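K.L.:
Sequence:
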Amino acid sequence: MDTDRLPGCYRHPDRDTGISCTRCERPICPECMISASVGFQCPECVRAGSGTGHHPTANAPRTVAGGVVAADPHLVTKVLIGINALVFLAALSDPALEARLALIGGQYFDYPGGPLHGVATGEFYRLLTSAFLHVEWWHIVGNMIGLWVIGGPLEAALGRVRYLAVFLLSGLGGSALVYLLSEPYVRTLGASGAVFGLLGATVVLAKRLRYEMRPVIVMVVLMLVLTFVPFGGALTVSWQAHVGGLVTGALVGLGMLMPSAGRHRALVQWGTCAVAFLLVAVVIALRTAELT
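Sequential numbering of the sequence shown, starting at 149, is according to the working numbering.
These aren't lab readings, by the way, just hints derived from the structure by calculation. All figures in this text were calculated on a predicted structure; none of them were measured in a lab. Among the hints, a few may not be true.
Said to hold, decoys possible - Label-pair ranges, simulated between beta-carbon atoms:
#, residue 1, residue 2, range
1, K226, R358, 27 to 35 angstroms
2, A244, R358, 44 to 52 angstroms
3, L328, V227, 26 to 34 angstroms
Just so you know, even glycine gets a beta-carbon here, dropped at the ideal spot from N, CA and C.
Please put together the full structure from these sequences, using the hints given.
P.N.:
Take a look at the structure:
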């Protein structure tokens, strides 16, 4: 551990600072320091002492990515697991639900219940709904364990809104690569693309916080090996979803955790999300043009 490193701002832990509030003595960065008669004070002390200062939400402790530290740092992960579980149970009671929500590129005429209309025919919602759909118990159990183990700590580090953005964009990124590279009549489903995206963002987080990288790299390599090496004589996983999600999650994670963003951090973060979404949209548009 680097013992010479300066403490981090109490509201922005990723920003090292040598300045402390003259009242509470908590470390504060240039964005948080407010000039006082003697030295500088933090927004919370100024507001408590004079009735002025920043909005109450400005006083809340922040995650390394600038999100508000929540009372339950794993709430979004729990909600996502709950949604996946409910959709799984719904698919068990109504098998036709798989056909309506799974990712399929073009029309599929051999389906017993009639032809299926895929993404290329305008059903773009399949790109996202397929990330919440599972039809085998081992499939949902494996993905939900991965979501809890990888997603829980990442949500605590990013904050709820930023974490949810990484999850959804990773799911879309994985689906977009599936749509681009897979046969248009193959149905694909599962949350593994989004989970791989969370893993990509976790790699960026570990690097940003100067954690030991070997365990994270080993996890990435192991999961990629399980993606590409067939077991039981057949490759049953969608490598396109895994690679697409991993790359998208890493790119969005870079924008969320960029240390040099400073005062423009929110602009960089949501700008990165917008760019990632536009790239996904371009891939979808190109493939749709090819299939129609």
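K.L.:
Each hint: holds or not?
P.N.:
Checked hints:
no. : hint                             : in the structure
1   : K226 to R358: 27 to 35 angstroms : holds, 29 angstroms
2   : A244 to R358: 44 to 52 angstroms : holds, 50 angstroms
3   : L328 to V227: 26 to 34 angstroms : holds, 30 angstroms
Against the hints set out earlier in the document, no violation occurs for any number.
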